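*Asks:* One-letter residues, chain by chain:
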Amino acid sequence: MSQASVLAAARSEKRTLLTEVESKALLKEAGVPVVDTRLARTREEAAAIAKEIGYPVALKVVSPDIAHKSDIGGVKLGLRTEKQTAKAFDDIMKAVQARQPNARVHGVAVQKMARPGVEVIVGLSKDAQFGPVVMFGLGGIFVEVLKDVSFRIVPLLRRDAREMIREIKGFPVLQGIRGQEAVDIAALEDILLKVSELAERHPEIKELDLNPILAYKDGAVAVDARVVLEGETPS
Amino acid sequence: MIPDLTHKLDRVFNPKVIAVIGDKKANGYSWLKSLAHFTGKLYSVQIDENEMPGIVEMGVTNVKSLMDIPEPVDFVVCAVPRKVLPRVLEDCIRKEVGGVTAFTSGFAETDEEGKRMQQQIAERANAAGLPLIDPNCMGIFRPKLGIRHGVDQYYGETGPVGVIAQSGGQATFITTGARANGLRTSKSVSFGNAAVLEAADFLEYLGQDEETRAIAMYIEGVRDGRRFFRTLRQVAPRKPVIIWRGGQTEDGARAARSHTGSLASSMAIWDAVARQCGAIRADTLDDVLDYLKAMVFIKPSTGDRVGLISMSGGQAVVTADAFARVGLRVPALTERSYAELASFFNVIGGSYRNPLDVSWNFNSTDLAQRLLGILQADENIDAVSMEFGVGAMQRRWRRDPAFAEGLLNYLVRYKEESPKPFFITLFPGKWEAEALEIREKLQERGIATYPSFQRSANAYRRLVDYYRAHAREA
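Here the protein sequences come in this chain order: P and B.
Take the first sequence: its position 17, counting from 1, is numbered 17 in the working numbering, and each next residue is one higher.
Take the second sequence: its position 159, counting from 1, is numbered 159 in the working numbering, and each next residue is one higher.
Hints are computed from structural coordinates only; laboratory data are not their basis.
Owing to the predicted nature of the structure, the values given are computational and were not obtained by experimental measurement.
Note that beta-carbon positions come from the ideal geometry of N, C-alpha and C, so glycine has one too.
One should not assume that every hint holds.
As the list claims (entries may be wrong) - Facing chain P, from chain B, some residues (calculated, C-beta under 10 Å):
#1 H7
#2 G221
#3 D224
#4 F228
#5 I269
#6 G429
As the list claims (entries may be wrong) - So the derived label-pair ranges between C-beta atoms look like this:
#7 B:R468 to P:L146: 53 to 63 Å
#8 B:M1 to P:R201: 16 to 26 Å
#9 B:R223 to P:E230: 15 to 25 Å
#10 B:M1 to P:P172: 44 to 54 Å
#11 B:R11 to P:E230: 46 to 56 Å
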């Protein structure tokens, strides 16, 4: 699934919200590391994919009409066997049927459970005056409660990426506290720069959320991704 | 975009002929009066017979139409009602004037009808390539040529400061405030609703203007943020740009909409813009003037280690606090400096670590020279900040003007010759008038002074941040 085909599919269906699978395909092609995520249409397909990528896996409903998947029971984590995976597929389908029966459901995304790391988030939004703006922050309470985030206007230079990471109050967390190792900050800088490039290349992207990204001492990976397109293609 | 804008703005800022359209008695002929010292030829355009005698009395030639002026007109000031403005602009286009400023209000900042009319005027001006410094503004201030938008402004002088303000009031406050701090303005513009020319146009122009060495901006909103960002990124490394944004809060933003019809982005976004471009963010008029002084008067530096001279023990403590609080360092001097200090420095109640507490012993130029000389030579110190005790100094100044002049001359020489940044804190206490007198003496000769340690520290911090931002790798 190339960037062009993802965007064309959304446009032809007059959708502005990309599914997680589509969002990740878009980001992967843009050079942003994402957790391997594949679409399963049946319980058998889900189990086969899980076997191929290796347990434990997570399952998430894939639907352009469902923005908050976990709220309706559309997410199952930490599945370790074929049996658990198949059951989780059925449970998700039942939950969606019960809670949002009119939603178009593409299937279920099967992805490998990422190993634990430091949660960070990267976002892209549009300012009425300055256009696309990239946001960076630490995940969880750092963003939700402390609003400890930094912004930069697209296009970002390497130094912008470097400075916006160091600017947040929680930066010491990334340097490693309480005996933890420092995370790979250069990998986070790369993600910020790739997102900036993606926004420049595709002005039709209205919003983008990578939440969370897990940062490790070697590399970082986006676990969840959400892309929203403009209603009308901007000139 | 107006084609060939630089050339056209050159004509607007250096006019030989100006016409004022629609000035009248009820307004106190304020536009014509503001232009009384214009070095070129001034015309009035007024068709009302009742208004004419007052204009003629001022010695200004009045004509009934712009078309009746027998020579090219470089700059036009319009003070006509909103319904008349479109017709007047047609005359300006036909006359091929250099540029127009319209004081007229009642456009996008008021109602839908005003918004529509502003749109029409902008389309017409853009189509004709007419640089319109657009409705609801005070236009330009070019003191060297006697072009003013208010009688409170000065004339006949010029300097390094360029001002770009969306508000005429702020343009006046910044330019006159800077003048009171020893800084003259090269070119200033107030551009109101920005229907045609906006902040980025003037930023680009002043960015390449040789006379202008530092730019102060007051902005409520920008139309094309992308272009503003690109322009700022180009200009800020060449010369310091100070941005004071009005409408930082929700209440302020609402006021900005009714003032200049401006849309507001969040302050976090403006912060990002300033950081990314290496511009200097200001939050108040005091900030603007403080930072302008720093950028014009104080030598460039990326060094954050400050040597402090204070007038008493308590002042030594709080001045160290003030500098440390903004992230500057107040390090110990070298052993060589301490050895030299020990040979002559009177330590009654004073200490000579850093700050150097002179305990009001500052009574000879020789002492000042030795102290400042030591700080200049000290390898642990990047910049020198000195407190000046107003009361004692003023008494001394009265009693012994020769000493005072000698000290002043020395400080000016030191400031010019020392490679290190040098500035003075002049805490007025109860001696406001006296402090002002000394402040003027120092600032007229190019030494930045601040009324508190906090403001000294803040201003120097911005200077360091500015030069560090532009020394960083891409």
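*Asks:* Work down the list of hints and note, for each, if the structure agrees.
*Replies:* Hint check:
1. H7: violated (28 Å)
2. G221: For B:G221, the interface hint holds, since the closest Cβ of chain P sits about 7 Å away, which is under 10 Å.
3. D224: This interface hint holds because 8 Å falls under the 10 Å limit.
4. F228: Hint on B:F228: holds, closest Cβ of chain P at ~8 Å, below 10 Å.
5. I269: At about 5 Å, which falls below the 10 Å cut-off, the nearest Cβ of chain P leaves the hint on B:I269 intact, so it holds.
6. G429: violated (37 Å)
7. B:R468 to P:L146: 53 to 63 Å: violated (27 Å)
8. B:M1 to P:R201: 16 to 26 Å: holds (25 Å)
9. B:R223 to P:E230: 15 to 25 Å: With a Cβ separation near 20 Å, B:R223 and P:E230 satisfy 15 to 25 Å, so the hint holds.
10. B:M1 to P:P172: 44 to 54 Å: holds (46 Å)
11. B:R11 to P:E230: 46 to 56 Å: violated (41 Å)
Checked against the numbered hints above, the structure violates hints 1, 6, 7 and 11; every other hint is satisfied.
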